[in-house]
Every structure is written in C-alpha cells, then in structure tokens.
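Trainee: As you go down the protein sequences, you meet chains A, B and C in turn. Read in this note's numbering, the first sequence has 26 at position 26, and its numbers run on one by one without any break. Read in this note's numbering, the second sequence has 64 at position 64, and its numbers run on one by one without any break. Read in this note's numbering, the third sequence has 203 at position 203, and its numbers run on one by one without any break.
Fair warning: there could be bad hints in the mix.
What the hints assert, rightly or not - Here are the simulated lysine-lysine pairs, DSSO-like style, with alpha carbons at most 30 Å apart:
(1) C:309 - A:168
(2) A:95 - A:174
(3) C:297 - B:90
(4) B:44 - C:93
(5) C:201 - A:78
Simulated from the structure, these hints should not be mistaken for laboratory data. No experiment lies behind these values; they were computed from the predicted model shown.
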Amino acid sequence: MTIFGWGVFKGMMVTLKNFLTSYFRKPDEGGIFTVQYPEEREKELENFRNFPFLVYDGTPEKIRCVACGICERECPPKCIHIEMELDGTGKPARKPAVFDIDYSLCMNCGMCEEVCPFDSVFMDHAFEVTSETGSEGLVRHKEALLKSNEYFQKIRPALASTIDQKRKAAEEKKKATVQATPPPAAGAQAQGPQ
Amino acid sequence: MNISVEEVKKEIETHLPNVKLRLVRDSILIENPEDLPQVALFLKESPRFLLDYLSSVTGADYLTFLESVYHLYSMAQKRGPVTLRVRVTKNNAKVPSLVPVYRSAELQEREAYDTFGIIYEGHPDPRRLFMWEEFQGYPLRKDYAQEDTEVLEIADIAWLETRGIEVPVEMKEKAKTLHAAGQRAVAQKPEKPRP
Amino acid sequence: MTNIVEIKNTDLAQTLEINFGPQHPSTHGVFRMTVQLEGEKICGLRPIFGYLHRNHEQIAENLPYAAIMPYTDRLDYVNALSNNFGYALTIEKLAGIEVPERAEYIRVIMAELARVVNHIAVIGFMLNDLGAFFTPLLYAFRERERILNLFEEITGSRLMNNYFRVGGVKRDLTGENLAGIQKIVSRFPAFLEEFEALLTKNEILCMRCQNIGVLSAKTATNAGITGPVLRASGVNYDIRKVDGYSVYNRFDFKIPLGEKGDVYDRFYVRILEIRESLKILDQALSTIPPGEIMNKKSLPMLKMPRNFKPPVGEAYGRVESPKGELGFYVVSDGTPQPWRYHVRAPSLINLTVLEEMCLGQKIADAIIILGSIDIVLGETDR
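Given only the sequences and the hints, what does the whole structure look like? Please build it.
Mentor: Here you go:
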C-alpha cells in the first residue's frame with residue numbers, strides 16, 4: 001500500500017490483537033503469563049542446579065562423605081573447605097569434621113557433584129537463601145548442608161533412584177564376596193589351646 | 001581448507017629473499033621482528049593466498065622471551081589459518097605494528113601491550129586497553145607480583161591528598177621506606193597454600 | 001587514523017564532549033564512550049573499555065582444563081552454549097579427541113537454539129533503543145522464555161549452562177526434550193510472521209535505520225569484522241560453511257546477505273538467520289542418531305580433571321557464535337593447566353569501526369549503531 005503510515009497502522013493492529021487476546025487466552029497462547037510470586041510458584045524442574053548439599057542415609061551420623069577432599073581440589077572458585085575428623089588415636093576416621101561451603105563464592109557449576117566418587121554431594125533446588133549477617137553468614141557449615149536421602153529422592157527422583165540402585169547392587173556384591181570366602185578366624189580358634 | 005605451512009614459507013622465501021624464517025610447531029617464526037609488516041603485506045596481496053583477514057593478535061610469555069602471535073585467514077578464498085610468530089626479549093620488547101596493513105590489529109595490539117608489555121611501534125593510539133593509564137606492571141606476565149591493596153604507595157598518597165583525604169602518618173612513613181628501597185607493595189602469599 | 005587527525009583539527013571551543021558513561025540503559029552493559037559533538041552531529045568518538053575486566057585468561061592459567069568450562073559460560077552471557085562449544089572444540093583439537101555422532105548432533109541443536117535466543121534478544125533490545133519502549137522486546141522475550149525453560153530442563157540452568165564437555169556433552173536428550181524442541185520449532189514461524197508484520201515495513205523504523213551507519217565490505221574485511229555485521233555488508237563468510245566444523249556440512253541452509261551494510265540490513269539479516277536456524281533444527285531433529293554422548297576415553301577426565309594432560313602444542317579453534325567469530329587460542333605445556341589461554345572476542349573487534357560508522361551522524365543514531373553491532377561486555381572485557 002502506498003499510503004504513508006500504513007506500516008505503523010499494521011503494527012498498531014498487531015499490538016491491539018495482543019492486547020485483546022490477553023484477556024481470554026491461556027498463558028501459553030498469548031494470555032497473561034505473569035506468575036504472581038510468592039503466592040504462586042512455577043513448576044520445579046528436576047535438573048535445576050543450585051547450591052550443593054550433602055546426603056546422609058537414615059540418620060545424620062551415617063554421612064556418605066568420607067572427607068577425601070576431591071571436591072575441595074576441583075572446585076573452580078575454591079569455595080569448599082574440608083577437614084578430616086581424627087579419632088581417638090589420631091588416625092583419620094573417614095568422616096569430615098569441618099565441611100564449609102561459602103555460598104557467596106559458589107557459582108553453581110556442579111563440578112563437585114560430577115567428581116565426587118562416593119555419591120555424597122549433589123546440587124540442591126533451594127534458591128531462597130538469605131543471611132542476616134552479611135557475607136559471613138553465607139558460609140554454610142556441615143550441619144546446614146546435611147539433608148536426608150528422602151529429601152534427595154523427593155527433589156531429584158530419577159537421579160536418586162539410579163544412585164540407590166547402584167549402591168544396593170554394590171553392597172550386595174560386597175556381601176556375596178564376603179560370604180564366599182570363609183572367615184579365617186574360625187579355623188585358627190579351633191586349633192587354639194592344645 | 002588448510003594451507004600448508006611449507007608452501008607459504010617457500011613462497012615468502014622466493015619473493016622476499018632477505019627475510020629469515022623458521023618453522024615452529026606448524027607456524028612460521030620470523031627471526032627479525034622488523035620484517036613483519038613486509039611479510040604481512042606480501043601475504044595480504046599475493047594472488048595465491050590473499051590472506052586478507054587478520055583474525056587474532058595475541059601475546060604469550062615463555063619465561064626467556066615474549067612472543068606475539070598472529071592468525072591470518074583468507075576471506076576471498078575461504079582458506080585455513082596461517083600462523084605467524086615474532087619473538088622479543090623482555091628488556092627490548094619492540095615489535096612493528098600491523099595497523100597500517102590490517103585494521104583489526106588496532107584494539108588487539110593495545111590489549112597485548114596492556115597485558116604483556118610488548119610495545120608496538122607505529123600504532124596510532126598506543127594506550128592501555130583494560131587497565132587505567134597510571135597502572136604499572138603487566139599482569140599476564142609469569143613474573144607479575146600482585147599488588148597488596150592494603151598498603152599505600154607514594155603515588156597513591158599523592159592522589160588521595162590532592163582530593164583532600166587525610167592519610168595516617170604510619171602509612172606515609174611505610175610508603176616512604178618502600179619507595180626508598182625501590183620496592184613495590186607486593187601481596188604476601190598465604191602461609192598454607194590451598195591444595 | 002584519519003579520524004584522530006580530524007579531532008585535533010576541530011576548533012575545540014565549539015565542540016561539546018559528552019561522556020556516555022558506564023552506567024547507561026542503552027549501552028548494553030558497562031561500556032563507556034566519550035563523544036565530541038558539534039551541535040547534534042558527532043565529530044569524534046572514543047570507546048573506553050575495561051569496566052568488566054575479570055582477568056578470565058589468567059584465572060584459566062591456574063585451573064585444569066575441565067574446570068575452565070564454567071568460566072567460559074560467563075564470557076558471552078546471553079548465549080552461553082556457543083562459548084562452551086568453542087572451548088570444547090579447541091581442546092579437542094589440541095588433544096586429538098573425537099566426539100561421538102549423537103553428541104555432535106546434540107551440540108548443533110543446542111548451538112542453533114542459542115543462536116535463536118541471542119538474535120531475538122538483540123532485535124528486541126535494538127527496538128527498545130529505537131524508542132518502541134518495551135513492547136516488541138517483551139513479545140520477543142515471551143518466545144525466548146520458552147527456550148530458556150527448555151535449557152533449564154536439559155542443562156540445569158537457564159543462562160549459565162555448563163553443558164558441553166571436552167569429548168561430548170554432559171547429559172543425554174530424552175524423548176521428552178526432543179518433543180519440546182520440536183514444539184518450539186513449529187511454533188516459531190508464527191511468531192516471526194507477527195514480528196515482521198509489526199516491524200519490517202514500519203515507516204518509523206525504515207526512516208531511522210536505513211542509510212545510517214553504513215559499513216563498506218572492504219573496510220569490514222580489513223578491520224576483522226565477522227558475524228551478521230559482516231554479512232550485512234555483503235561479504236559471504238560464515239564459519240559454519242567455511243570450516244564445516246562439527247556436523248554442519250550435513251545440513252542444508254543458506255547464508256543471508258545484505259546489500260548496503262546499514263543498520264536496517266543488520267537487523268533484517270538477523271531475522272533471516274533465525275529462519276535458517278529453524279531449518280537446521282528441523283533437519284537435525286529428524287535425523288539425530290542414537291548412540292553414546294561422551295567419548296569413552298575422556299570420561300576419566302570428568303572424574304579426575306588433574307589427570308588430563310594434553311600433548312605439548314597449541315591450537316586455535318573457532319566457532320560461528322551469533323556475534324561473530326569466537327576463537328580460542330590455547331598453548332599447552334604438558335601439565336594439567338594451560339600455559340597460555342586467549343579468547344578472540346568478536347564484540348571487542350567489531351567495535352574497531354564504531355567511530356567510523358558514527359561520524360557525521362546524530363547523537364541518537366550512535367545508540368542505534370551501537371545496538372546493531374551487538375556487543376556484550378562480558379566478552380569485550382573478558
């Protein structure tokens with residue numbers, strides 16, 4: 001069309017159409033798509049990757065982490081700090097005494113989850129993280145990081161069930177090999193006092 | 001498609017007999033840095049290669065020498081990279097600039113000067129790119145010692161005092177002793193290195 | 001060089017020097033330019049960089065190769081997947097690692113989705129700068145949100161994806177994900193029709209964008225400009241066709257070229273590139289083969305990044321990122337950390353000609369020209 005201004009008029013038609021359809025269409029088809037947070041929330045997706053947490057099986061004493069320190073070395077911004085617990089005689093017990101993650105440095109990359117050989121660090125979904133004392137309050141200690149396996153199953157069902165199956169299979173294999181070889185102590189005791 | 005490095009070397013040696021070249025790891029090292037613009041102009045206008053697009057200029061620090069690396073491509077013939085290198089020492093880091101030949105070297109040479117201290121002669125605007133003008137030191141060199149930001153130096157104190165900010169006397173004394181010893185405020189490394 | 005001579009010769013008593021400071025809503029990040037004005041005409045322009053310099057290259061010299069991948073996301077933070085692609089390609093070239101076929105197809109799909117995401121954002125922001133205050137931008141972002149939700153399902157994060165790995169990709173695409181991508185691809189042309197009806201023949205847009213900021217092909221080639229800016233000036237150079245990296249040479253797509261090299265051409269070339277990307281996505285989704293997603297030999301590298309020691313040497317790998325040629329130059333000395341790591345950022349190099357394009361134009365046009373070059377400060381300053 002050769003009327004000067006026809007292009008602007010066609011553009012106005014498009015905006016008018018969008019305005020009118022926003023009243024009765026669904027959010028996906030051109031309606032209003034604002035989610036009134038915090039009263040409504042969007043659906044939580046399984047693979048959403050936010051800060052890390054530690055998994056325990058059953059009670060917080062049975063923590064899966066053995067304080068090997070691999071996640072501390074591989075973390076790119078170096079926000080993890082681990083100290084191994086020493087038992088009574090000074091030998092390392094395979095548990096962390098100190099496990100600090102500095103949330104103000106963490107960049108949610110997920111490298112700690114990838115390199116952990118004992119399936120104990122995973123990425124959480126909790127993004128509403130606050131601290132009342134500035135950035136010192138954002139250093140999370142071991143107690144705040146421990147979450148149970150049931151919580152893990154709830155937020156990441158597919159991954160958690162795969163890991164559980166793998167651990168069960170490994171445990172059963174270990175039990176099978178222990179039962180196959182007879183315990184040597186019984187034979188020695190039978191021959192004991194002569 | 002790739003261009004073979006031996007072909008390029010032979011071509012340059014036949015047309016520019018005074019230039020000494022060497023093959024290093026799939027790239028051409030020009031022994032004398034002064035020959036660089038000549039070689040680049042020849043490669044740009046030679047009808048066989050027509051390398052009219054300078055893709056990247058960067059520096060590198062190899063402890064005993066500094067290097068300036070150039071990657072050239074041909075947009076007209078859509079052919080693969082030719083890499084040129086030039087080596088200089090840290091005390092005499094002067095390389096002729098390629099800006100008269102390729103304009104894309106303008107900002108990249110400024111960056112190489114800022115981070116490595118390679119001085120490009122003939123550059124129309126030889127300033128630092130990322131750091132501010134009064135910054136001293138070349139951060140990407142391997143022997144760069146990071147400044148300690150808590151300790152002030154004489155230049156910092158002068159800057160603060162021209163803006164009417166009071167500086168405590170101990171800091172002024174410390175800055176004077178540092179300046180007298182000819183040292184800069186270097187950050188101390190932590191005692192126990194993080195693994 | 002002639003531009004600098006012009007500034008010195010102007011009678012400085014008559015010109016006004018304005019600082020387009022680092023905090024400005026239209027400079028696409030913390031970018032600063034000082035502009036010398038004579039009335040409303042620009043007679044000199046000087047960009048100043050470094051406000052977002054995070055020393056990415058030196059950080060990478062202290063990290064093993066697998067741990068640099070999350071940092072490359074943060075270079076061009078609008079489309080993180082292209083940066084991942086470039087880095088993975090370079091390290092694979094350096095160490096001679098092969099990528100399985102399914103992983104290559106997944107990489108092409110994700111890279112083209114990233115291209116669509118980026119071009120939509122750029123077009124939306126350019127229209128925002130023109131004064132069409134937020135309406136076209138939010139229409140564009142409505143579509144972009146669908147793709148970002150898909151990224152969250154697949155990779156875990158909307159923007160900082162960290163999805164590619166050296167030797168493959170991190171997670172496989174399930175049937176559900178593929179169906180989601182197919183749904184987006186089939187709904188997109190309707191959105192593009194609506195967008196074009198809104199804008200392409202709009203008189204205001206045409207009068208403000210045509211013949212503004214003209215860049216000739218010869219200047220562009222000499223100044224090292226790449227990407228849609230170069231193609232809008234008429235030069236047919238697209239790294240996906242020239243290098244044929246990954247599996248791009250199996251797909252059939254055209255390269256849209258402009259004629260004049262003005263702002264309108266750069267805007268329209270990007271819309272046409274979205275259409276070509278949708279074609280590639282269609283073809284890739286229909287022919288994706290089953291298989292594994294990671295090279296078996298580089299799986300140990302994921303578990304113990306300190307053990308990956310590539311051979312001594314160097315590599316320069318480049319990809320066609322939506323902004324231009326993104327190149328990575330890596331020199332390795334046999335240790336798990338790189339000796340030298342450099343990123344050839346298209347946003348920085350495309351700014352070489354900013355001054356030349358802006359001279360003689362009005363101050364309002366400088367904003368549009370800057371918007372059409374499409375810079376991202378994370379990449380410019382690294």
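Trainee: Which of the listed hints are not met by the structure?
Mentor: 1, 3 and 5
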